[in-house]
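With these hints in hand, go ahead and build the complete structure from the sequences.
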Amino acid sequence: MNLFIYQLKQAYLSLKQKPIFVLSVVSTMGITLGALLCVLTLAYVMLIKPLPYPDQERLYNVEHQLISNENAIDGRAFTYPNLMHLYNKQSLFEQSVLMYVDGDVITSLPSEPMVALSFVSPQWFSLFSAKMALGRGFEASEKVNSYNPVAVLSYETWQNKFDGTANVLEQNLTLGGNSYRIIGVLAASNIEAPLAGAGFKTELYLPWDYNSVSERERKRWGNDDGGLIFVGKLDKKYSGYSKQKIDQILTRLVSDNWQSEVAGHAFFKDWSIALQTKTLKSFIVSDGERSVYLLLIGALGLLLIACANIANLFVSRTVERQQQLAISAAVGASKTQIFHNILAETGLLMFVAIVLAQFIIFIGFSALQYYLGDFLPRIDELELNSFSFSISTLLLVLLTVVFSLLCRKMINYHALNTTLQSSGKGSGIQVSKRVRNILISSQIAIATTLVFINVVLYKDASELVNQPLGYQTENITSVVLALPSVEKGLQVQKINELKSELLAHPKVKNVSQAMRPTGFGTLALTASITEQRYTVLGKDVDEQYFNMLEQEIIAGENFSAADIKDDSSVMIVNDVFAKKLAPNGSAIGFKFKNGVEIIGVVNSINVPGRQRIESRFYYPASLARNMLLIEQHQGQVFSRDEMITALKKVDRKLSLFSFTSLNEYKNQRLFSSQTTAVTTLVLAILTLFLSGLGLYGILNYSSQMRRSEIGTRMAIGAKGKDIVGLVIKDNAGALVIGLAVSFVVLLVLYLSFSDSLSAYINLELLPLFMLTMGAIALLSSLACYIPLRQFIKKPVIHSLKGSE
Amino acid sequence: MSTAILSLHNIGKIFETEELETHALKSINLIINKGDYVSISGPSGCGKSTLLSIMGLLDVSSSGEYFIEGVNVTDLSLDDAAEVRNAKIGFIFQSFNLIDELSVFDNVALPLRYHADKPNNATIKKRVTECLEKVALSHRISHKPNQLSGGQQQRVAIARALVANPAVLLVDEPTGNLDSKSGDQVMDVLDQLNKAGTTICMVTHDPRYADMARTKVQLLDGTILQSPAIKIAS
Ligand SMILES: Nc1ncnc2c1ncn2[C@@H]1O[C@H](COP(=O)(O)OP(=O)(O)O)[C@@H](O)[C@H]1O
Ligand SMILES: [Mg+2]
Chain R
194 MNLFIYQLKQ
204 AYLSLKQKPI
214 FVLSVVSTMG
224 ITLGALLCVL
234 TLAYVMLIKP
244 LPYPDQERLY
254 NVEHQLISNE
264 NAIDGRAFTY
274 PNLMHLYNKQ
284 SLFEQSVLMY
294 VDGDVITSLP
304 SEPMVALSFV
314 SPQWFSLFSA
324 KMALGRGFEA
334 SEKVNSYNPV
344 AVLSYETWQN
354 KFDGTANVLE
364 QNLTLGGNSY
374 RIIGVLAASN
384 IEAPLAGAGF
394 KTELYLPWDY
404 NSVSERERKR
414 WGNDDGGLIF
424 VGKLDKKYSG
434 YSKQKIDQIL
444 TRLVSDNWQS
454 EVAGHAFFKD
464 WSIALQTKTL
474 KSFIVSDGER
484 SVYLLLIGAL
494 GLLLIACANI
504 ANLFVSRTVE
514 RQQQLAISAA
524 VGASKTQIFH
534 NILAETGLLM
544 FVAIVLAQFI
554 IFIGFSALQY
564 YLGDFLPRID
574 ELELNSFSFS
584 ISTLLLVLLT
594 VVFSLLCRKM
604 INYHALNTTL
614 QSSGKGSGIQ
624 VSKRVRNILI
634 SSQIAIATTL
644 VFINVVLYKD
654 ASELVNQPLG
664 YQTENITSVV
674 LALPSVEKGL
684 QVQKINELKS
694 ELLAHPKVKN
704 VSQAMRPTGF
714 GTLALTASIT
724 EQRYTVLGKD
734 VDEQYFNMLE
744 QEIIAGENFS
754 AADIKDDSSV
764 MIVNDVFAKK
774 LAPNGSAIGF
784 KFKNGVEIIG
794 VVNSINVPGR
804 QRIESRFYYP
814 ASLARNMLLI
824 EQHQGQVFSR
834 DEMITALKKV
844 DRKLSLFSFT
854 SLNEYKNQRL
864 FSSQTTAVTT
874 LVLAILTLFL
884 SGLGLYGILN
894 YSSQMRRSEI
904 GTRMAIGAKG
914 KDIVGLVIKD
924 NAGALVIGLA
934 VSFVVLLVLY
944 LSFSDSLSAY
954 INLELLPLFM
964 LTMGAIALLS
974 SLACYIPLRQ
984 FIKKPVIHSL
994 KGSE
Chain Z
155 MSTAILSLHN
165 IGKIFETEEL
175 ETHALKSINL
185 IINKGDYVSI
195 SGPSGCGKST
205 LLSIMGLLDV
215 SSSGEYFIEG
225 VNVTDLSLDD
235 AAEVRNAKIG
245 FIFQSFNLID
255 ELSVFDNVAL
265 PLRYHADKPN
275 NATIKKRVTE
285 CLEKVALSHR
295 ISHKPNQLSG
305 GQQQRVAIAR
315 ALVANPAVLL
325 VDEPTGNLDS
335 KSGDQVMDVL
345 DQLNKAGTTI
355 CMVTHDPRYA
365 DMARTKVQLL
375 DGTILQSPAI
385 KIAS
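Residue numbers (this note's numbering), protein chains in the order written: chain R, 194 to 997; chain Z, 155 to 388.
Hints listed in this document are in silico derivations from the structure and should not be mistaken for laboratory results.
Wrong hints could be hidden among the right ones.
Claimed, not checked - Stretch by stretch, here's where chain Z covers chain R in the computed footprint (C-beta under 8 Å, at least three residues):
{"#": "1", "region": "582-593"}
{"#": "2", "region": "898-912"}
To be verified - Distance condition first, Cα-Cα at most 27 Å in a straight line; then the derived DSS-like pairs of lysine-lysine:
{"#": "3", "chain 1": "R", "residue 1": "Lys914", "chain 2": "Z", "residue 2": "Lys279"}
{"#": "4", "chain 1": "R", "residue 1": "Lys430", "chain 2": "R", "residue 2": "Lys336"}
{"#": "5", "chain 1": "R", "residue 1": "Lys986", "chain 2": "Z", "residue 2": "Lys272"}
{"#": "6", "chain 1": "Z", "residue 1": "Lys279", "chain 2": "R", "residue 2": "Lys912"}
{"#": "7", "chain 1": "R", "residue 1": "Lys846", "chain 2": "R", "residue 2": "Lys758"}
{"#": "8", "chain 1": "R", "residue 1": "Lys912", "chain 2": "R", "residue 2": "Lys994"}
{"#": "9", "chain 1": "R", "residue 1": "Lys784", "chain 2": "R", "residue 2": "Lys772"}
{"#": "10", "chain 1": "R", "residue 1": "Lys994", "chain 2": "Z", "residue 2": "Lys298"}
{"#": "11", "chain 1": "Z", "residue 1": "Lys272", "chain 2": "R", "residue 2": "Lys914"}
{"#": "12", "chain 1": "R", "residue 1": "Lys922", "chain 2": "Z", "residue 2": "Lys298"}
{"#": "13", "chain 1": "Z", "residue 1": "Lys298", "chain 2": "R", "residue 2": "Lys626"}
{"#": "14", "chain 1": "R", "residue 1": "Lys846", "chain 2": "R", "residue 2": "Lys912"}
{"#": "15", "chain 1": "Z", "residue 1": "Lys180", "chain 2": "R", "residue 2": "Lys987"}
{"#": "16", "chain 1": "R", "residue 1": "Lys732", "chain 2": "R", "residue 2": "Lys859"}
{"#": "17", "chain 1": "R", "residue 1": "Lys602", "chain 2": "Z", "residue 2": "Lys298"}
{"#": "18", "chain 1": "Z", "residue 1": "Lys272", "chain 2": "R", "residue 2": "Lys912"}
{"#": "19", "chain 1": "R", "residue 1": "Lys922", "chain 2": "Z", "residue 2": "Lys279"}
{"#": "20", "chain 1": "R", "residue 1": "Lys912", "chain 2": "Z", "residue 2": "Lys349"}
{"#": "21", "chain 1": "R", "residue 1": "Lys471", "chain 2": "R", "residue 2": "Lys430"}
{"#": "22", "chain 1": "R", "residue 1": "Lys846", "chain 2": "R", "residue 2": "Lys914"}
{"#": "23", "chain 1": "Z", "residue 1": "Lys280", "chain 2": "Z", "residue 2": "Lys349"}
{"#": "24", "chain 1": "Z", "residue 1": "Lys349", "chain 2": "Z", "residue 2": "Lys188"}
{"#": "25", "chain 1": "R", "residue 1": "Lys202", "chain 2": "R", "residue 2": "Lys602"}
{"#": "26", "chain 1": "R", "residue 1": "Lys202", "chain 2": "R", "residue 2": "Lys528"}
{"#": "27", "chain 1": "R", "residue 1": "Lys987", "chain 2": "Z", "residue 2": "Lys272"}
{"#": "28", "chain 1": "Z", "residue 1": "Lys370", "chain 2": "R", "residue 2": "Lys912"}
{"#": "29", "chain 1": "R", "residue 1": "Lys994", "chain 2": "Z", "residue 2": "Lys280"}
{"#": "30", "chain 1": "Z", "residue 1": "Lys272", "chain 2": "R", "residue 2": "Lys922"}
{"#": "31", "chain 1": "Z", "residue 1": "Lys279", "chain 2": "R", "residue 2": "Lys994"}
Computed from a predicted model, the values in this text were never measured in an experiment.
We put the beta carbon where it would ideally sit given N, CA and C, even for glycine.
Dropping the structure here:
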């Protein structure tokens, strides 16, 4: 033990002499290990760690699939009556939860804040073992169809909207014209299951009965709604059932009933329903899984390239320590003792790096939570835990042993003993040409592969970011109004007054009554003559819409003001749908069974993340529509406060549900692409930089070791360019091998993932690969040239002297 | 005068380190004529190697002028100096400076590979064989240097120095790393070469070998000691 401490002390003293070396190793390893551990912990939390709910392995989400007559999955969301049927009739689950998410304005609070709502059935609280800070959750008194107007606040809502007052339980709140009595507040430690997507944090819980699905929709068997969610806890009795069996039982229960209910609808002839269960854990993680694997690949790549570089630094360091090690050997240090010495030094360095990594993880967790919280589920469960600790320890031991063995391999103990006698021109430390070539090849292979992957991802993301949208977003704000439920005529009147009020505002140029341009619903259409059925994305707009958005009408005409006022049976389709309806002629005049006729064709718009070839159509919006697009004059900003002022001027009961500029929507949609573009660009540059540094490291010490040879060649007449040519030629083999290996790796990657990669891969990538190889080759040549400058830019005697 | 191969006029060399200026050479004047066999000797640190480096264009002087075959080579660029070294000068070093990875043949051929005339392979082969014959090593042509004894290695180095037909051989302590028998053999080869017309300038601190030269230069603290045998450049 004493000896161990002595060796650590020696290692410390010896490293103190080499601050640059220590700094390079510790910072490079610290940062990369930090990044890797961060991503590994994320992967653990998302993919392995059990959900923090009792009997989590028995929790299931049920997906509802609408299967068309062509046997294609037409929708993956529940229809309301099917959901209720499942909830009321099923017997597989011992507990089941209905949930619907939405947002609304709390009008009883002076600030009229918009809150995220979850309408839940009572077992939500027991199934997720919700912990309460105050009061109680929903119970039998709030069971479905009891219509008991009570509310439960999230801890944050209590703190931020109700100042954390203790008497909150005696208060009521008003929302959508209804008053709810507050009966409970969830505890701060409660972890909400992200059922409605990673970013959704419920602020207010209301009983299921009050969900925002209208009475009419609640009875429609054909309309699905993505907000409807079902979670159940499988009864212990059925634990032995396979997924197929469970799906079969549930499908039969719902589909049979549905078939008889829609028997009268021609549209649904030969359609069916399928229910698919998924463990709650995989349901929650589903979308994030791909991102986690991508992050993992990135972090592992970074670690590889960092290790390759650090290996070079260790090799350089060992070459430098030749004299010191020779003296140790001369005074009697055994081979084992010298290895222990190296082990102590490497271990110490790796230990400091791992400690630094813990800080990086800490920062990394905050960054992940801040930037990816809305995209990846369960991210708020990230913490330094026994998992990250054990992986850290494992990496510490592994890296220490690997680097130490590498150093030991270089040292020829017997030659070391003769080093001193042969006046320092010893061969005690050797980096064989083979080892050097392997280092160079692996460095180049890793760099080329990583740079290429990053460049491809960058190209893809930046194309998405830069593609024209097909409509303009400048100076336009999308507004959603929260209206008290009143009779339709009155609502039309109020909205008309509001439109006049807005148009009179000096900053406002124009107003259109429509939802933001990317919002579409899915509607069913049947052609008049052929009886062909279509499921198409549709959207209601007024006569101002296309002008305001500068979406070009390429055939026929726009809606007239009268079309909107009279709710005429007309529609405008996009070019894709027009082409589908009338492949060879004009779609103008085409009629559907419900009497609607096509009067115009517009250019398609691009919705990031969706296919360009989607069929879409536009139909006249109701004058009672609660959504507006407000165009401002160039350079003017019409603010949220000005909007609220206008609203209150018309009617104090009107409130603002949301107020978002089209540019904000655009940025939200492009956020992940933009992040990808920036990250991949930074990673590509970082990789180039690191590998350049690594190659420079290898070629620098190999030039040092060839110093005498270079001097001799120059003495007998070699010029600078001859020497550079010689070194490049000597390393060309390793370069070519490295490039070839990267090509094979990329090919294998492509062949094994060709299905999911086909979107990224095409022939255009060949020049890109050439370019990457060119860049790496240039970098390698530079890495050859720069270390040679010290020899070829000075009188030859400097090179010759150094060898003596 | 017309036979002067190397002529140094007032050559000085100062090494500057952080706090120290070393005047390694002070105003050296020296002429070496065609066919000469000059030895430079003196105590360790007197500037022998420095002088030889400047004569061989391996280093630049701090002052003075230097001519090779009448051409001023004092301020040549690095590349031009390399060309002159290749064409006019053959080096023999104390530690042989053979390249371990190359065979004897390739080591000897090396100066021709860097030659401005780009001789073809047949010419190279012919020259290399001739030169190896001169040092009696034809039978070792495809060996690697580490398969040869020290004396043999130095003879390979001599063959390499001769291969491009240089105007002068510059030799620095050729026997320093050799036992006396091998050393004698090497000196024998040099002696024969000079007798056949090769101009030689050799640094040695061994008085026995210095005596083998026809002209002896004594160096002390960077200056040439006057001696009747020395031809001073005018
Ligand atoms: N690169 C150098 N930097 C500083 N001083 C040098 C350098 N090379 C040689 N010297 C000094 O110049 C003097 C002559 O050295 P050198 O020519 O090697 O002597 P010799 O070959 O006669 O033993 C010595 O004092 C030596 O210390
Ligand atoms: Mg010397």
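Here's how the hints hold up against the structure:
1. Counting residues of the region 582-593 of chain R whose beta carbon lies closer than 8 Å to any beta carbon of chain Z gives 0, which falls short of the minimum of three for the stated coverage.
2. Interface restraint, the region 898-912 of chain R with chain Z: holds (11 residues with C-beta to C-beta distance below 8 Å; minimum three).
3. Between Lys914 (chain R) and Lys279 (chain Z) the alpha-carbon distance is near 25 Å, which keeps this suggested pair within the 27 Å criterion.
4. Under the criterion of a C-alpha separation no larger than 27 Å, the hint pairing Lys430 (chain R) with Lys336 (chain R) is consistent with the structure, at around 25 Å.
5. Of the pairs offered as hints, the one joining Lys986 (chain R) and Lys272 (chain Z) holds, with about 24 Å between alpha carbons and a cut-off of 27 Å not exceeded.
6. As the CA atoms of Lys279 (chain Z) and Lys912 (chain R) are separated by approximately 23 Å, the hinted pair is consistent with the 27 Å bound.
7. The straight-line distance between the Cα atoms of Lys846 (chain R) and Lys758 (chain R) is roughly 25 Å, inside the 27 Å bound, and the hint therefore holds.
8. Between Lys912 (chain R) and Lys994 (chain R) the alpha-carbon distance is near 18 Å, which keeps this suggested pair within the 27 Å criterion.
9. Our distance criterion of 27 Å between C-alpha atoms is met by Lys784 (chain R) and Lys772 (chain R), whose separation comes to about 15 Å.
10. Taking the CA atoms of Lys994 (chain R) and Lys298 (chain Z), the gap is about 24 Å. The hint holds against a cut of 27 Å.
11. For a cut-off of 27 Å, the pair hint linking Lys272 (chain Z) to Lys914 (chain R) stands: about 16 Å separates their Cα positions.
12. Restraint check for Lys922 (chain R) and Lys298 (chain Z): the C-alpha separation of about 21 Å stays at or below 27 Å, so the hint holds.
13. The suggested pairing of Lys298 (chain Z) with Lys626 (chain R) holds, with an alpha-carbon distance near 17 Å, which does not exceed 27 Å.
14. Restraint check for Lys846 (chain R) and Lys912 (chain R): the C-alpha separation of about 88 Å exceeds 27 Å, so the hint is violated.
15. Restraint check for Lys180 (chain Z) and Lys987 (chain R): satisfied, since their Cα atoms lie roughly 23 Å apart, inside the 27 Å limit.
16. Simply put, Lys732 (chain R) and Lys859 (chain R) have alpha-carbon atoms about 18 Å apart, close enough for the 27 Å limit, and the pair holds.
17. Distance restraint check for Lys602 (chain R) and Lys298 (chain Z): the Cα-Cα separation of roughly 26 Å lies within the 27 Å cut-off, and the hinted pair is therefore satisfied.
18. Using a Cα cut-off of 27 Å, the hinted pair Lys272 (chain Z) and Lys912 (chain R) holds, with the two alpha carbons roughly 14 Å apart.
19. The suggested pairing of Lys922 (chain R) with Lys279 (chain Z) holds, with an alpha-carbon distance near 23 Å, which does not exceed 27 Å.
20. Simply put, Lys912 (chain R) and Lys349 (chain Z) have alpha-carbon atoms about 33 Å apart, too far for the 27 Å limit, and the pair is violated.
21. Proposed proximity of Lys471 (chain R) and Lys430 (chain R) is supported: the alpha carbons are some 18 Å apart, at most 27 Å.
22. Between Lys846 (chain R) and Lys914 (chain R) the CA atoms are separated by roughly 83 Å; this puts the pair beyond 27 Å, and the hint is violated.
23. Our distance criterion of 27 Å between C-alpha atoms is met by Lys280 (chain Z) and Lys349 (chain Z), whose separation comes to about 23 Å.
24. Simply put, Lys349 (chain Z) and Lys188 (chain Z) have alpha-carbon atoms about 12 Å apart, close enough for the 27 Å limit, and the pair holds.
25. Taking the CA atoms of Lys202 (chain R) and Lys602 (chain R), the gap is about 24 Å. The hint holds against a cut of 27 Å.
26. Note on Lys202 (chain R) and Lys528 (chain R): the hinted pairing holds, with a Cα-Cα distance of about 19 Å set against a maximum of 27 Å.
27. In summary, the hint linking Lys987 (chain R) to Lys272 (chain Z) is supported, as the alpha carbons are separated by about 25 Å, within the 27 Å threshold.
28. Note on Lys370 (chain Z) and Lys912 (chain R): the hinted pairing is violated, with a Cα-Cα distance of about 34 Å set against a maximum of 27 Å.
29. Of the pairs offered as hints, the one joining Lys994 (chain R) and Lys280 (chain Z) is violated, with about 33 Å between alpha carbons and a cut-off of 27 Å exceeded.
30. For the given pair, Lys272 (chain Z) sits about 19 Å from Lys922 (chain R) by alpha-carbon distance, which is consistent with the 27 Å threshold.
31. Note on Lys279 (chain Z) and Lys994 (chain R): the hinted pairing is violated, with a Cα-Cα distance of about 31 Å set against a maximum of 27 Å.
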